[in-house]
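Trainee: Line order of the protein sequences matches chains V and B.
Residues in the first sequence are numbered from 1 upward in steps of one, following the numbering used here.
Residues in the second sequence are numbered from 1 upward in steps of one, following the numbering used here.
A few of these clues could be false.
Claimed, not checked - Example chain V residues on the side facing chain B (calculated, C-beta under 7 Å, incomplete):
#1 L144
#2 F156
#3 L276
Unchecked claim - Beta-carbon label-pair distances, calculated as ranges:
#4 M312/V with I135/B: 25 to 31 Å
#5 V91/B with G40/V: 42 to 48 Å
#6 L3/B with Q308/V: 31 to 37 Å
#7 T93/B with P113/V: 49 to 55 Å
No lab work stands behind these hints, which were simulated from the structure alone.
Cβ atoms here follow ideal geometry from the backbone N, Cα and C, with glycine treated the same way.
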Amino acid sequence: MSTTFLPCGTYHQNYSQDHAWWQTRFIKAKMALLFLILFGLIPWQADSYWLSVCNQIGYTVLGALGVQLLIGFCGQVTLGHAAFIAVGAYTSTLLILEFPWPAVLLEWGLAYPVSILIAAVIAGFWSVLFGLPSAKVKGFYLILTTMAAQFITVDFIISQYISQIGGRGQAFSLPPGTIKIGPWVVDSDLKVYLLMLVLVIISIIGVVNLLRSRVGRAWVAIRDNDISAEVMGINVVKYKLYAFFVAGFIGGLAGAFWISNLAAISPEHFQWFWSLWLVGVILIGGVGSIHGAIFGSVFMVVVMELLQLAIMPLADSFPKLLMDFLFIKEAVFGLAICAFMIFEPNGLAYRWWQMKNYFNLWPFSY
Amino acid sequence: MELFLMAITTGVMVGGIYALVALGWVLIYKCSGVLNLAMGEMTLIGAYVSLSFYSMGVPFLLSLLISLVIGFVLGILTERIFLDKLIGEPVLTVIMVTVGLSFFFKGTVEFIWGTDTRVFAPAVFSIEPIKLGPIVVGRVYLWSFVAAIVLLFIFMGFFKYTRWGLAMQATADDEMAALSIGVSARFVYAAAWAIAFMAAGVGGTLLGNINGLNISVGYLGLLVLPAVVLGGLNSVPGAIVGGILIGILQNLCGTYLDRYFPGGVKEIAPFAFMAIFLLFKPYGLWGWERIERV
């Protein structure tokens, strides 16, 4: 997706204006409004149910961001991203539960933040490990190796070995009060929401800035044509592995964040379904744009919640509907992907881009 | 030694079923260039249809036949409704449509038939094992293998001697040339999906006879992916050899490695093997090597 056009009569006089994130006063006002809603309105007005929906959106955004980076910007299709989220979640959980933290860190409430960072780094390296085949294969074959990553990591290593550590059985549960950032214990939906916002904003800023650096341009070059990229002197393997690292890093962040919301961490949360779900989210949102990851997440989570709300009244007469809601959800998700691919292959972000350009160029749309 | 021979025989026999499903996969890929990730769910549908008819009291062969017919219709419908509009779209788009289809099929199957394991009752094949010299083989495995091999030969004959089969071969070989001598490509695509659906249905029914039928049979359908990668994506003999090799590999790992890595070695081994194999020979044993130009 190309850049948005500036409104009529807006000119830049120096490079710093040209490189600015928010280039016009209108955009600045819009973003201020967005932040006001995110930090001022939603936390204090929404009830616990909608806050948990927002948290789910945030988690999906974090996951989808990594997938978007790999598929949308570097052209490396991955169907195993849930594995890296799982690595993040389990690393962070195990660090909190099993690691002998120095008393100072515990007292200052640094155990969880530090474990998030370590988890993200480990997930990043795990992702690089399974990104190594991308040096040799691409396209469909790479899809298969990422699938192998999913099955090996989640269904084998985590289910069979990691889950046995400490003899807790299949699910790890975190005792209340262990997830603590500084003096604040993350125990309510509101606190999870605020943590989520901070993480999402940091990662989006990080990714967007990466994308407009040398690294990001190399990724886009590899996506567009990897042979030409190599001819132009880009070390293709190196940058592909960077992409895998960053995607895994964000995936690890997502996983480590999500344990604050989960009562019990078990491999069921990180099945292959979730990997495919994330890819579906960015396809619906729009491949190759950060907006796409966000729009797709909001759309999918909200549509699924609405579907559930719509089915609730029918539940009295057809109890099977509610019981099997998970399956309806799956089927609807599948149909939604098919419909978007057939009728709107550019995704929601493309419509958004068109709309913005329409208003920016109005009344002279040429 | 006996253990080894047993593992190999069972492997070959289960591998025959994989080969059947893999054949359907390769057929779709060769004819229409679609990399199909919905194969597992296609096996599920066929298996559940034949199971439903069988538990209603229809004889086994007849219920298998009904599931073939339904598979045929579903295959054509799937191609016409979803895949037909995507000819010429980028690969990722098509792959993701098949992923969407797999979700749709899976959700529908779970909604209609539930997630509990069901068995073919009364058992189609008696549980008494057959002795082939020192090797003991379950009757189910043997019959599944025979059925798979018979069907493989029927498919081979279909491709070699019938008009439709030749048309499909021609399209797979060179679509433009086939079009210019009057082969309808749309017909061939639809036929490829129909046949793949039927093959998957038979494979699913046979697999369901071995261990009972639940959603995880769909996962066994995913095992065709290692099989086709091993054989080369666009090679029919490769698919058959690949399927059998994956069956053997799975059973050998289950027999020998399970002691050291308890748990799901059997399920994971084909994928781990595939990931390593891809590093050395990405085009498989008999696949075409593509030379890329800018």
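Trainee: Indicate, hint by hint, whether the structure satisfies it.
Mentor: Hints versus structure:
1. Restraint check, L144/V versus chain B: the minimum CB separation of about 6 Å is within 7 Å; hint holds.
2. Against a cut-off of 7 Å between C-beta atoms, the interface hint on F156/V holds, since the closest Cβ of chain B lies about 4 Å away.
3. A hinted interface residue such as L276/V counts as satisfied when its beta carbon comes closer than 7 Å to some beta carbon of chain B; here the least separation is about 6 Å, so the hint holds.
4. Range check, M312/V to I135/B: about 57 Å between beta-carbon atoms, so the 25 to 31 Å window is missed.
5. Evaluation of the 42 to 48 Å hint for V91/B and G40/V yields a pass: the beta carbon distance comes to about 45 Å.
6. Here the CB-CB span from L3/B to Q308/V is close to 51 Å, at odds with the stated 31 to 37 Å.
7. Between T93/B and P113/V, the C-beta spacing of about 40 Å breaks the proposed range 49 to 55 Å.
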